[in-house]
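A.B. asks: Note that the sequence shown covers residues -24 to -1, 1 to 183 in mature numbering (1 follows the signal peptide of the UniProt record, and there is no 0).
In short, the hints are calculated from the structure, not lab data.
The beta-carbon is built from N, C-alpha and C at its ideal position, and this holds for glycine as well.
Some clues are possibly wrong.
[Said to hold, decoys possible] Quick list of simulated restraints, FRET-style, between CB atoms:
#1 Phe129 / Ile46: 47 to 53 Å
#2 Asn87 / Asp110: 28 to 34 Å
#3 Ile46 / Ile141: 56 to 62 Å
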Amino acid sequence: MASAALLILRYLLCCHTEISVCSSHPCQNNGTCIEGAGIYTCSCQPGHTGAHCEDNVDECASSPCQNGAICLDRVNEYNCFCVPGFQGYRCEIDINECASRPCKNNGTCLNEMDHYLCKCVPGYTGVNCDAEIDECDSDPCQNGGTCTDHIGFYTCTCSPGYEGIQCEVDINECASQPCINGGILADFQCDCFRGYIGKKLRRTVSL
């Protein structure tokens, strides 16, 4: 009789021992197992998903990196590798290449993607507008005129008998009619009538 009672007690103890469904640690990647009525659910750590937290969340799926940057997925985070010309956590900031004021001699800096352009004022050239243009290189002064280079322009000092911006005009010395007493003009050389001599035919001669 005593042995029968012991068996019943063991049966009752055995059948009332509840086995935890979380005892096998089904949740991965440090997920937390939550017991229910004979079932369990996994509460995942940030960066993981799935019934057992077995999947890594792809943080790059939403394309967070901007301006052509490459996204590298990590656990619960991502890194953006920016293309040249951009910076910031998401490569959202356009680097201002003009911030260092690279254009010289009052040149205007134009900020472009990954580079800058200098718009030079007249008289200067070069990537940074640091080279002065010699306007006399093309020999603009004609008829023996002397060229003087300035910033953005040139001046010509003309030889006697010429005028104009480039000394291109042959001065007509006869336009003022310097020959008197009926003299004939010949490029400011007077061919005198008989009875007169001198550069402007002012003197008379006896015949």
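A.B. asks: Which of the numbered hints above does this structure break?
C.D. replies: The structure conflicts with no hint, since it agrees with every one listed earlier.
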